[in-house]
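**Student:** Chains as they are written, first to last, in the numbering used here: chain A, 1 to 404; chain B, 1001 to 1404; chain C, 2001 to 2404.
Just so you know, the hints here were simulated from the structure itself, not pulled from any lab data. Hints should not be assumed to be uniformly reliable.
Chain B residues, not near chain A, derived (Cβ > 12 Å throughout) [said to hold, decoys possible]:
1. K1117
2. D1185
3. S1217
4. S1227
5. C1275
6. L1276
7. D1359
If you only want the chain B side, here are some residues facing chain A, beta carbon under 10 Å, derived [claimed, not checked]:
8. P1097
9. G1330
10. K1334
11. S1352
Beta carbons are placed, not taken as given, at the ideal position from N, Cα and C, and that holds for glycine.
For reference, the chains in residue letters:
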Amino acid sequence: MGAAKSSCQGFLHYAFDYETAKTLVVPSIAAGVVFRFTQLLILLYLVGYVCIVQKAYQDTDSVVSTVTTKVKGYAVIKGSANTSSPQFRDVADYVIPPQGDKSFFVVTNMIVTTNQKVSHCPEIPKPSTLCNQDSQCTTGLEDLRGNGVRTGRCVNYSDTVQTCQVLSWCPLEEDTGPNKEALIDAAENFTLLIKNSVTYPKFNFHRRNIMPHINSSYLKTCVFNSSTDPHCPIFRLKQIVSDAGEEFQVMAVEGGVLGILIDWTCDLDLWASQCLPKYSFRRLDDNNNSRVLAPGYNFRFAKYYKSPEGTESRTLIKAYGIRFEVIVFGTAGKFSMLPTLVNLGSTLTFLSLVPTVSDWFLLTFTKKRGFYSKHKTTHLRDEDEEDEDENKQSMSMGTSYGTQ
Amino acid sequence: MGAAKSSCQGFLHYAFDYETAKTLVVPSIAAGVVFRFTQLLILLYLVGYVCIVQKAYQDTDSVVSTVTTKVKGYAVIKGSANTSSPQFRDVADYVIPPQGDKSFFVVTNMIVTTNQKVSHCPEIPKPSTLCNQDSQCTTGLEDLRGNGVRTGRCVNYSDTVQTCQVLSWCPLEEDTGPNKEALIDAAENFTLLIKNSVTYPKFNFHRRNIMPHINSSYLKTCVFNSSTDPHCPIFRLKQIVSDAGEEFQVMAVEGGVLGILIDWTCDLDLWASQCLPKYSFRRLDDNNNSRVLAPGYNFRFAKYYKSPEGTESRTLIKAYGIRFEVIVFGTAGKFSMLPTLVNLGSTLTFLSLVPTVSDWFLLTFTKKRGFYSKHKTTHLRDEDEEDEDENKQSMSMGTSYGTQ
Amino acid sequence: MGAAKSSCQGFLHYAFDYETAKTLVVPSIAAGVVFRFTQLLILLYLVGYVCIVQKAYQDTDSVVSTVTTKVKGYAVIKGSANTSSPQFRDVADYVIPPQGDKSFFVVTNMIVTTNQKVSHCPEIPKPSTLCNQDSQCTTGLEDLRGNGVRTGRCVNYSDTVQTCQVLSWCPLEEDTGPNKEALIDAAENFTLLIKNSVTYPKFNFHRRNIMPHINSSYLKTCVFNSSTDPHCPIFRLKQIVSDAGEEFQVMAVEGGVLGILIDWTCDLDLWASQCLPKYSFRRLDDNNNSRVLAPGYNFRFAKYYKSPEGTESRTLIKAYGIRFEVIVFGTAGKFSMLPTLVNLGSTLTFLSLVPTVSDWFLLTFTKKRGFYSKHKTTHLRDEDEEDEDENKQSMSMGTSYGTQ
C-alpha cells in the first residue's frame, strides 16, 4: 500500500511538479519606472489604437444592397415651345432604361434622324468616302469607320460633292456633334427618389435609407441638402451635379457619368441606431475632354415604325445625357470573439517583450549595473565542471577520510 | 596559433554563449494542476474555437458571379377573356428588360393611356389646377407636381369643372391608383429559370448552380422546393413570393421588390464537392404601405407609333409589378499559411501568459507560499552592495593580512 | 521628515522595484547556435513570407467600379445582301440594352415572326396539341408548355394535321431552333470600347483604364491584344471570344455568355503608378450543350406597331447572341499600422518560443546536459522545508544560547 501510494505520488510529482523561473527583485526605481512605463505605453496602444480607433475587436461584413430609383419631371425641348409643333418630354421619354434601376440615364441633348429606311444613299463626305467615278468605290467594302456597305456607285451627295453610295439606314445621321446648348435643359429641375435597402448577411442586419423615424409628411416635400437635409431621399439633379463639383448645363451638352455614392459604414455594437447612410457625389468619367477618347456619354437607340404597306422605318436618336450610378458600399463591424483574441494576443506579445527592454536598460544605464548583473546572471564556465568534478572527488575523498 | 584559436573561441563564446533562465521545480501538485489545466484550456480554445468553429487557418475570398434568367408563361388579362378584344400577354410583353438580367421586372398590374399626342389639354383637377378664368393660369408655369407647361388658358375639364390648360402628352393619364385586383393574376404560375455561374478568383474555383451530377431529365420537369427540390434551378413565381412570407396576389396589386438570395458560402478544403448554392427569398422593399413614400414598385414606359401622316403618338403604360433581384453572395475559405500562423501565434501568446497565472496562484493560494517565494525570488537590497563592498574590502584586507 | 522620506521611498520601492529573471550563461556553442539559428529562421519567415510575399503589413480594400461600353460596327444579314430587300443592322438594332451598360447583348442570330396579332390560331403540332375533334381541346386550358389559352375548337394546322385552337399572338412562332449559321456573322468584326473607372474608397484612390500617359492618337487606332497592346481599351469581338478559348462563329449560332474580367489588384505603397488593369476573358455559361438545360443564350422581345385603324401588331424576335459581362474585381493593399502590428506580434510570439526549443536541445542533446541542468534547475523538495525549519530552530536556539 505504502509503495503504491508512493509510486502514485511519484507519478503525480513527475507530471505536475511546477517549474517556475527564479527571479531577482532589484531595488532600482529607474528600471522599475522604465518597466511600468513601457507596459503602460503598450496598454495605451491596445486600448487607444487597437480598441478605440481600429475597433479590432470587431468582425466585419460587406454590404449587400438593392436600389430602386424614380425620376420625376417634364420638359419642353428648347426652342420648340413657340413653334407649331412643340416637343414635350416626360419620364417615359427621357429615362433609359425606364424600370428604375440603380443605374439610369437621363437624356439632356440629342441628334434625331427621322424616317430612316434601309436603302441606298451617299456616304457622309470625308476623305475616305469622296469619289469622282464608280471605280473608286469598291463594291461590298465594309469600312468599319463608314456607315454602310458600298454598292460600288459614286453618287451626288450635294451639288458639288460626290461620295460613294452605301447600303444603310438612309438618310444617314449627320453627326456634327451635340448642340452647343442642351436641348432638355429643364432636366436640372427633375427630382430623383432613391430607395435603398441594405443587408449585412453575417449579422442579419437590415435597414433602409428611408428611416422609420422620418416623418412621412416631411418626405413628401423635402429635397436633399448635404447640410440641412442629409437624410431626405429625394434629390434635385442640379444639386447632385453641383455637389460633384460640376455644372449641370455644361455637363448636359456632351453627357457624363455621375456617381451617387451611399456609404453604409456602421458600428453595430453600440450605435446600430446610428447606422445611417452618408451620401456623396462624384463625376466618374474623365471630364478633361481635350485628350479623351469619346468624351462625355452618349449612345444611339431607335424607335421602329411600320407603314401601312409594311415597310419598316425608324427614328434614330443619338442621346447625350447624364448616366447616374447609385453605388452602395460600406462595412459593418460587430464584436466577435476571434478578432478580439487575435488582436489581444498580438498586443500581449509586445508586453512579453517589455522585460527584455527593461533588462537591457538595467544592465546598460543604471549606476549599479555591475552589481545587478552579477546577481542576475551566473556565468558558467567549462572549467567549473572540472573544478566541481575535483571538488566532488576531494569531497568524496574527504567523506571517505571522514568515515575512516 | 594558440592565441588566434583562443581569440576565435572567445568570439564564438561571445556570440553564441547561451543565456537561459534559471528555474525552480516546486513540488506543488496544486500549482502544477493549475498550470496544466490553464494550458489545456487554451489548447482546447485553439483547436475547438479557432480551428473548428472559426476556421481561422483559412484565407477567404468573395464570390464573383454571373446570373442569367429566363421567365416562361403567358396570361390573358383579367376580365378581357370573354370580350370581343381579349388581351393576351407573353414573355416579350411583360418581362422588362427582356434580356434575362439578374434583375428583372414582371408586370402584374397596369394603367394604360392610349393614343397620347403632344398637344393641349386640361390638367387633372386638383386644388392647384382648378380655375375660373385665364388669369389664374400663369403662362409657362412649370409646376413639377403638374403634368405639363401651362398655356395660360382656363378650359373645361368636364361639364362642371374647369382647369388650367397644359402642353403635354394628351390625354393625360388618369392615375387613380392601381386596379384593386392584379390584371395579370396568372403571373403567379410563371416559371423562372436561373443560371448562375460563380468564381472565387483567389482560389481559381468555378462552379455553376446547375450541377453536372444533376440528371437533365430531372431538370426538365422539376420545380424548386426548399425542402424536397433544393437544387432545382426552376422556380414558380408564387412559390418565391410565399417563401418570402408574402402573398402573391396582394403583392401583385401595388408591386414590390423581391430578393432571390443565393448563398455560396463554401469550405474549399475538404468539402469542395459540397459547395452548393443555398437559395432564400426576402422582400426587399418596405411593405408597411401605410407610412411609406411611393409604396410598392411601379414605373412608366411608352410604346411609340407613327400615323401614316407622320404624327407621333404613344401608349403610356404605368406598370405595377414585382421586381426580382437575384443577389449572389458568399465567402469561400481555403487553408493558407499566413492566417494559420497569425492565429496560431496569437493563441500561443496566451500560452506564454500561463506561467504568470500559475506563479500568482503558487505565491497566493498554496500553503507553503512563503517557502516557495523565498526560493523563487531573491530580494536584493541596496545595502547588500555596501555589505559586499565591505566584504570585499575585508577580504582583500584579509588577503593582505594573509600575505603579510 | 526622515520617516516621511523613508515611507515614500518604501512606497516607491514597493511600486517600482524591478523583478527580473535570474539567468545562467551556458558556454555551449551548440545550444547558442541552435538558439540563434532558430531566431534567424523566424526572422527570415517574418521578412520573407509575412512582409514580402503576403504583404501582411498592408490593410486591404475592395474595388468599387463603374463601366461604360460602346460597340461599333454594322452588318448586312447573311443571305439578304443580293435580294430585293436587303436587311441592314447597326448598333441601334443589335445592342440590347442600348445604353452602354457593363452587361450588354449583341444579337448574332434570330428567329423573326412578323405581324403577330392577338387572335385565334392553331397550336404548333406536338403530341399534346394534336386533335381530331373539339372535345379533345379543353376550353380555357392554360398549358404552360403551350403557346396560349385553348378556345375549345380543333382546327386545321395544315392540310393533314389538326391541332387545338388557342388565343395568342398569332401566327405563332415556329421555333425550330436557330439557323445553323449565324445571320449576323459580321458581328465578329464589331469593336468594343470599354471605359472603366475604379475607386478604392478606403485609400481615396481613383483610376481609369484609359491611362493619362497613353497617347490619344494611339487610342484612336489601337486594338487590344493581350501581348502587344495590353492597355488598349478597344476590343474586337472575335478576339475576345477567341481569347476565351471559343470560336466566334460557333458561339454565335446558339449564343452564350462571355466574361471580360478586369483585375485591378494593386499594391498602393510603392507601385501606385504600376496599378494597371489586367484583362482576361472567360466563357461563363456551360458550353457542354449536350447535357445542358436551355443551352446558349437567347431571349424574346417585340417591336410594337399600330395600324391606321388602331389594331396593335408586333414583330416577335427570338434573339440569339453573345452577352458580354464586364466583371471588375481586385483588392488594393496599403501600409497600415494595425495589420503590421498584429502580424508582427504574431510572429514575435514564435520568437518567444525559441528559448523553450533551445532549452530542450540543451538539456537533451548536449554532452554536459547533466551539469547544465544542475545549475539551471533547482529541485525543491518538501523535506527541504522541514530541514530548513529545523535549521531555523537550531539557529534560533543557537542564538538564544548566544544571548545566554
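**Student:** Mind verifying the non-interface call on K1117 of chain B? Its CB should be farther than 12 Å from each CB in chain A.
**Tutor:** violated (10 Å)
**Student:** Restraint: P1097 of chain B near chain A, CB-CB cut 10 Å. Satisfied or not?
**Tutor:** holds (6 Å)
**Student:** Taking the closest pair, is the beta carbon of C1275 of chain B still more than 12 Å from chain A?
**Tutor:** holds (17 Å)
**Student:** Is the shortest C-beta separation between G1330 of chain B and chain A less than 10 Å?
**Tutor:** Hint on G1330 of chain B: holds, closest Cβ of chain A at ~9 Å, below 10 Å.
**Student:** Holds or violated: the hint that S1352 of chain B contacts chain A, with Cβ atoms closer than 10 Å.
**Tutor:** S1352 of chain B check passes; min Cβ-Cβ to chain A is 6 Å, inside 10 Å.
**Student:** Any Cβ of chain A at or closer than 12 Å to S1227 of chain B, or is the non-interface label fine?
**Tutor:** holds (22 Å)
**Student:** Run the C-beta distances from D1359 of chain B to all of chain A and say if the shortest one exceeds 12 Å.
**Tutor:** violated (6 Å)
**Student:** Checking a non-interface call: every C-beta of chain A should be farther than 12 Å from the C-beta of S1217 of chain B. Is that right?
**Tutor:** Non-interface label stands for S1217 of chain B: nearest chain A Cβ at 35 Å, farther than 12 Å.
**Student:** With d taken as the least Cβ-Cβ distance between D1185 of chain B and chain A, does d exceed 12 Å?
**Tutor:** holds (21 Å)
**Student:** Minimum C-beta separation from L1276 of chain B to chain A exceeding 12 Å: can you confirm that?
**Tutor:** Non-interface label stands for L1276 of chain B: nearest chain A Cβ at 17 Å, farther than 12 Å.
**Student:** Can the hint on K1334 of chain B be confirmed by a CB-to-CB distance to chain A that is less than 10 Å?
**Tutor:** violated (17 Å)
Taken one by one, the earlier hints fail for this structure at numbers 1, 7 and 10, listed in ascending order.
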